[in-house]
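2 protein chains.
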Amino acid sequence: MADVASLNKEVQEQSNLLKSLRTSNADANLIDEAKKRLGDLKKALGAATGTKDPKEGTKKKDRLLLKTPKGTRDYGPTEMFCREYVERIVKDCFTSHGGSCLDTPVFERKEILAGKYGEDAKLIFDLQDQGGEQLSLRYDHTVPLARYLAMTGLTNTSSKLWQVGKVYRRDNPVMSKGRMREFSQADFDIFGQWDPMIPESEVLSLLTSILTRLEVGEFTIKLNHRKILDGIFEVCGVPEEKTRPISSAVDKLDKLPWADVRLEMTVEKGLDPDVADKIGEYVKLKGGEELLTKLEEDSVLKNSARAQEGLKDMAILFRLLRIYKITEKISFDLSLARGLDYYTGLIYEAIVEGSAPPGFGTNPAVPPSQGTESAVVAPSKPAKKASSKSKAKSGDDEDEEIDESQVGVGSIAAGGRYDNLVGMFVAAASGDSKKVAGLPCIGVSIGLDRIFAILWPKWEGRGMRAKETMAYVISVGDGHLEQRIELVRELREAGIKADFYAKNKPKLPTQFEAGERDEVPFAILIGGEELTNGYVRVKEQRWQVVDGKKEKIQASGKGELVKRTELIEWLKQTETLRTWSSGKLV
Amino acid sequence: MADVASLNKEVQEQSNLLKSLRTSNADANLIDEAKKRLGDLKKALGAATGTKDPKEGTKKKDRLLLKTPKGTRDYGPTEMFCREYVERIVKDCFTSHGGSCLDTPVFERKEILAGKYGEDAKLIFDLQDQGGEQLSLRYDHTVPLARYLAMTGLTNTSSKLWQVGKVYRRDNPVMSKGRMREFSQADFDIFGQWDPMIPESEVLSLLTSILTRLEVGEFTIKLNHRKILDGIFEVCGVPEEKTRPISSAVDKLDKLPWADVRLEMTVEKGLDPDVADKIGEYVKLKGGEELLTKLEEDSVLKNSARAQEGLKDMAILFRLLRIYKITEKISFDLSLARGLDYYTGLIYEAIVEGSAPPGFGTNPAVPPSQGTESAVVAPSKPAKKASSKSKAKSGDDEDEEIDESQVGVGSIAAGGRYDNLVGMFVAAASGDSKKVAGLPCIGVSIGLDRIFAILWPKWEGRGMRAKETMAYVISVGDGHLEQRIELVRELREAGIKADFYAKNKPKLPTQFEAGERDEVPFAILIGGEELTNGYVRVKEQRWQVVDGKKEKIQASGKGELVKRTELIEWLKQTETLRTWSSGKLV
Chain A
1 MADVASLNKE
11 VQEQSNLLKS
21 LRTSNADANL
31 IDEAKKRLGD
41 LKKALGAATG
51 TKDPKEGTKK
61 KDRLLLKTPK
71 GTRDYGPTEM
81 FCREYVERIV
91 KDCFTSHGGS
101 CLDTPVFERK
111 EILAGKYGED
121 AKLIFDLQDQ
131 GGEQLSLRYD
141 HTVPLARYLA
151 MTGLTNTSSK
161 LWQVGKVYRR
171 DNPVMSKGRM
181 REFSQADFDI
191 FGQWDPMIPE
201 SEVLSLLTSI
211 LTRLEVGEFT
221 IKLNHRKILD
231 GIFEVCGVPE
241 EKTRPISSAV
251 DKLDKLPWAD
261 VRLEMTVEKG
271 LDPDVADKIG
281 EYVKLKGGEE
291 LLTKLEEDSV
301 LKNSARAQEG
311 LKDMAILFRL
321 LRIYKITEKI
331 SFDLSLARGL
341 DYYTGLIYEA
351 IVEGSAPPGF
361 GTNPAVPPSQ
371 GTESAVVAPS
381 KPAKKASSKS
391 KAKSGDDEDE
401 EIDESQVGVG
411 SIAAGGRYDN
421 LVGMFVAAAS
431 GDSKKVAGLP
441 CIGVSIGLDR
451 IFAILWPKWE
461 GRGMRAKETM
471 AYVISVGDGH
481 LEQRIELVRE
491 LREAGIKADF
501 YAKNKPKLPT
511 QFEAGERDEV
521 PFAILIGGEE
531 LTNGYVRVKE
541 QRWQVVDGKK
551 EKIQASGKGE
561 LVKRTELIEW
571 LKQTETLRTW
581 SSGKLV
Chain B
1 MADVASLNKE
11 VQEQSNLLKS
21 LRTSNADANL
31 IDEAKKRLGD
41 LKKALGAATG
51 TKDPKEGTKK
61 KDRLLLKTPK
71 GTRDYGPTEM
81 FCREYVERIV
91 KDCFTSHGGS
101 CLDTPVFERK
111 EILAGKYGED
121 AKLIFDLQDQ
131 GGEQLSLRYD
141 HTVPLARYLA
151 MTGLTNTSSK
161 LWQVGKVYRR
171 DNPVMSKGRM
181 REFSQADFDI
191 FGQWDPMIPE
201 SEVLSLLTSI
211 LTRLEVGEFT
221 IKLNHRKILD
231 GIFEVCGVPE
241 EKTRPISSAV
251 DKLDKLPWAD
261 VRLEMTVEKG
271 LDPDVADKIG
281 EYVKLKGGEE
291 LLTKLEEDSV
301 LKNSARAQEG
311 LKDMAILFRL
321 LRIYKITEKI
331 SFDLSLARGL
341 DYYTGLIYEA
351 IVEGSAPPGF
361 GTNPAVPPSQ
371 GTESAVVAPS
381 KPAKKASSKS
391 KAKSGDDEDE
401 EIDESQVGVG
411 SIAAGGRYDN
421 LVGMFVAAAS
431 GDSKKVAGLP
441 CIGVSIGLDR
451 IFAILWPKWE
461 GRGMRAKETM
471 AYVISVGDGH
481 LEQRIELVRE
491 LREAGIKADF
501 YAKNKPKLPT
511 QFEAGERDEV
521 PFAILIGGEE
531 LTNGYVRVKE
541 QRWQVVDGKK
551 EKIQASGKGE
561 LVKRTELIEW
571 LKQTETLRTW
581 SSGKLV
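Chains A and B supply the protein sequences, listed in that same order. Using UniProt numbering, read the first sequence as starting at 1 and increasing by one per residue. Using UniProt numbering, read the second sequence as starting at 1 and increasing by one per residue.
Just chain A, with the same shape it has in the complex (with noise of 0.2 angstroms):
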């Protein structure tokens, strides 16, 4: 076990170092190194297990490979406490918000799954047919919600849930920047008839409230209407049957260069050049209420009705989102244009400025948000690899070798209307394509695993805890387990979490080696004199990252005497507890 275990938790350390170095742009030197012996190690383990050298293939067959599945990975405790953190967060402000929760299963049946999402559909994970129903996993929220709408006509009672939990999709992952194959995300959506854009700018202002409450960082919320750039599409010249696939050349204007876009539009749609380079000047716009009026303004413009209408709501928009105090938060963006074809109004997507990959930086007007393509957060493809064609070879399990540095964490949410979606599946349960009683949506996607990428070295910086014990009870020399597993039982009783160590005579050092490792920080001591005379020593102590190191601060000495039976009251007013109690981690 030791030579398998611990060159498996020496990778992962050192992978841990690696990234870290990357995360502070460390010196390119130290970057090499630790990514070479990285590699020593990994080939280490595989000599280990004998599962990395194709050459010796009895062997390989013979052991078991201990690994998780590709593109997924397990999350210990200290990365579950942040998460959790996280999702608690996400789900305080859902409630906040009005949202009542939905949860769908993690399989649907494939039909459900099937025409919603375009080329991307090969990325669908699917079951094996053992006899039944044809499933497959969940590629989103949003679909199953659909599903769920369609199926309950649910359009009497909450106009707002929310929806917590993992998707599938066999792309090609970028681990280290939340990229993954099964990811988690946090759905947020409003249905039914209401006022124009009032949903609108209660999502947005949903979605200001959670990156501003998880600390992201400085973030951006880029803005667009598919009308207006649907009429920007139409007065340049664009046929209506190129509309869709000209839409998703410009979304990719957040990591190709204008002359790569305007190459695919002209080259390989087919558009005339004189239109891409019409459309060309509007989609470099991007700004506040300014552009707005800008737009508002211009005369060509005026001969599209889709234009208007969408300007028009842009209009109200802007107003509401003064009311909501937002506005600084938010970019209107006529480049951004969502790949997937059932939106139908308003679209956004949040960028948190930090998180763009080393290089990226020479226009900060145009970060690099991949991933557009599908419905919500995507784990797309990386920066370098978009253009290339011909290597997007999505779905196969061979290894290919990403540069993680040059991957930003890109968008970290994403949405918009969709007002269609729902009676596309009431149209097709019912058999007659024309009768569609539509359910108008709208709705948000909230990548938590590309916001725990951008939290996680922060966290670790700042050295939380993975665990909540506020009490840990240590025997003073004859062992004394009934006194500890009473006390203990009693604290938990009365809402401390507390523990012990499991033996019955265990030494005071490994007692206090045992607290130390979960910083709990209330060590409560009995034994001796004071057990006799109904008192119980408590010390208390908290640690703090010094120098990129734990260490530990002892608050209060050789501890305090506290009467046995005043115990709890007295832990309950210290203010570690309050602090604890008022939901504040410690």
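Be aware that a few hints might be false.
Any copy, or any two copies together, can satisfy a pair, since identical chains are not distinguished.
[Stated by the list, open to error] Straight-line Cα separation of at most 16 angstroms, EDC-like style, residue types lysine to aspartate or glutamate; simulated pairs:
| id | residue 1 | residue 2 |
| --- | --- | --- |
| 1 | LYS503 | ASP195 |
| 2 | LYS70 | GLU111 |
| 3 | LYS572 | GLU468 |
| 4 | LYS325 | GLU493 |
| 5 | LYS539 | GLU516 |
| 6 | LYS91 | ASP277 |
| 7 | LYS67 | GLU133 |
| 8 | LYS286 | ASP274 |
| 9 | LYS9 | ASP32 |
| 10 | LYS302 | GLU460 |
| 11 | LYS35 | GLU13 |
| 12 | LYS325 | GLU490 |
No lab work stands behind these hints: they were computed from the structure.
With chain A held as given, fit chain B onto it using these hints.
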């Protein structure tokens, strides 16, 4: 839309009605009538969607079947409010007992699951081979945990890990009893070298806390010890190679009479009838510590060293359980065997008394806990099918008619000590079967769907809300959209969950209705002279169930005038908000 959706809704409502009739043991005629009506509705729905009539082959193909996969379901807002509550309590108990969280992927490499579940392996969901790894959905949390421990050699960090998540089994579902193909389990495991029975009593104390805090009703934790059981088989004369098959037969005693089990032993498994009868004398024993004394004095059992080891463990355990004050929940039951091979010491199973199916009450000491063949809480075959082996074609998708009223919820939690599972992984990975550096483990799995199945009728009876919204902001007169948004924004920022009606000029009754539908306790009215003078009017209301119907109770007549600037402080001082802040559900 109207047709399918409203029929779907009717089917759901009728199905709920049928369930509550059964739960409340209503008159048989009433139940039959409700059953018939449900059948008619289902037929009507089938006709409307064109999916249930196999004669109309072409029509079937044209239409999309709007449903979740077999054995899975959606959980809507009210149900999720209850499920989230259950999860919160469970997690709180887990962290109270010193646990740290672990999260593993929903699928594993197929070879990781291979050879762990005996004949239940046929219930594993496999993913389709899409090029690359062979994957399967996880069957429980125990095997992924063991794989994680073998990979990381995590012997020096936290020794208590918990996981909450969905697991998957292609079994025949009984939905109303929480026996699903996709179901939620909450696991807690303790690993490492500790003194005898201390981890065991920690786990039992944890389980008792959880079931008590969740108010599942009267429950019993049945205990047995693999070494005692194996010792009994030894002294009765069971050949070593028949130990596990005979143990499997004993395990069925909770759903089959002794005569049937004896038949399985002698006819099917070729055991000497005299040996079977000797076993029969032991396995009918159950009780508390007095049973332990009886067994300690048993002169025949003295001949088995294994049995004596087990009895020694049980003596220590009973002493510890007294300190934890949970002996009255415990039943030492020699008929408990648990199906899986990998248990090596104490085994246990929690049963809720009230959840037995009707007609099973003849022997109250033997509650019907189906589903003990699996590692943990399995969604196993219903009682009436238990003995008809020929029909047990698990894994197919033909609709078997199951009379749900004849099936109990069964065991809601189960587990035991498994000291060799991690070692198995380590040995398999090293390719050296002798190199078993094991890691002693003990754990419990809690079946969250079964707990939900028990709690849900009570929860519904109490008329619990589906949301936490505390304030609904309502305009009187002129719409006041800006003022409503401003107030909602401020309330949310202050941590008071708030909402409003997303229209520009909604009618007063419409707004009241919307707030009342969500049972929001505070209606905050803005408008007119009061608004001009800087005041709002606050109306408090609450709901309670009277004779099965929800009734609104107006707590404050025409409401109170509160200064707009003092509103948030005023609300925070109310009893309602203080109760809610303390974590209690309103």
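Hint-by-hint comparison with the structure:
no. : hint             : verdict
1   : LYS503 to ASP195 : between (65 angstroms within a copy, 5 angstroms between copies)
2   : LYS70 to GLU111  : between (26 angstroms within a copy, 14 angstroms between copies)
3   : LYS572 to GLU468 : within (15 angstroms within a copy, 27 angstroms between copies)
4   : LYS325 to GLU493 : between (44 angstroms within a copy, 12 angstroms between copies)
5   : LYS539 to GLU516 : within (12 angstroms within a copy, 51 angstroms between copies)
6   : LYS91 to ASP277  : neither (45 angstroms within a copy, 58 angstroms between copies)
7   : LYS67 to GLU133  : between (30 angstroms within a copy, 11 angstroms between copies)
8   : LYS286 to ASP274 : neither (22 angstroms within a copy, 89 angstroms between copies)
9   : LYS9 to ASP32    : neither (20 angstroms within a copy, 61 angstroms between copies)
10  : LYS302 to GLU460 : neither (53 angstroms within a copy, 56 angstroms between copies)
11  : LYS35 to GLU13   : within (12 angstroms within a copy, 60 angstroms between copies)
12  : LYS325 to GLU490 : between (48 angstroms within a copy, 11 angstroms between copies)
Hints 6, 8, 9 and 10, counting from the list given before, are not met by this structure.
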